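Peer 1: Protein chains in written order, with my numbering: chain C, 74 to 161; chain X, 74 to 161.
It is worth saying that the hints were derived from the structure and are not from the lab. A few of these clues could be false.
[What the hints assert, rightly or not] Pulled a few chain C residues facing chain X out of the computed Cβ check, cut under 8 Å:
(1) I127
(2) A128
(3) G129
(4) I130
(5) H133
(6) L137
(7) A138
(8) A139
(9) D151
(10) V156
(11) I160
Model, not experiment: these values are computed from the prediction. The beta carbon of each residue, even a glycine, is placed where N, CA and C say it ideally should be.
Protein chains: 2
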Amino acid sequence: MEPISQRKRILKLTVQTGMGDNRTIVAGGAQFYSPEYFIGKKIVALLNLAPKKIAGIMSHGMLLAANVNNKPVWLVMDENTPVGAKII
Amino acid sequence: MEPISQRKRILKLTVQTGMGDNRTIVAGGAQFYSPEYFIGKKIVALLNLAPKKIAGIMSHGMLLAANVNNKPVWLVMDENTPVGAKII
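Only chain C is shown next, with the shape it has when bound in the complex:
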């Protein structure tokens, strides 16, 4: 059941960009995080990438994470950071 095994590591997120749209972003690491973890989080993402199909789903960006023993530790901003603030 390789395909199902693979899906278990994939998260499909709906991300508010702060640019007036919501985007679907597909990320790895589902084996470490519940979907609820992301609710309300101010995550850091690359949004100026070409869309890419991952596990059959079009992903319109990429979350940034530190790689800690192959577990993604997401870059998360303080809750006071406005949605859509640009990384410089």
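Starting from the known structure of chain C, fit chain X onto it as the hints suggest.
Peer 2: For chain X alone, kept in the frame of chain C given last:
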């Protein structure tokens, strides 16, 4: 006193890279942060840049921040994140 005014916005940091060295990194935003703010923080930095002289000091990397009304809000990792973890 333009030069002194400019220096007041510049921070000189000594950053442990997790690659066996410490680096001097010059960052802006000194008007918003005390040097003590950074002590022990797990900050996110670009380290594969060419060294650059800023305010007369060689900087060997660049801290990442969200730009919030021209104030840098530094990308800071959870204290459990190992020093030197790579961003993916």
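Peer 1: Are the hints correct? Go through all of them and say.
Peer 2: Hints, verified against the model:
no., hint, result
1, I127, "violated (14 Å)"
2, A128, "violated (18 Å)"
3, G129, "violated (22 Å)"
4, I130, "violated (19 Å)"
5, H133, "violated (18 Å)"
6, L137, "holds (6 Å)"
7, A138, "holds (6 Å)"
8, A139, "holds (4 Å)"
9, D151, "holds (7 Å)"
10, V156, "violated (10 Å)"
11, I160, "holds (6 Å)"
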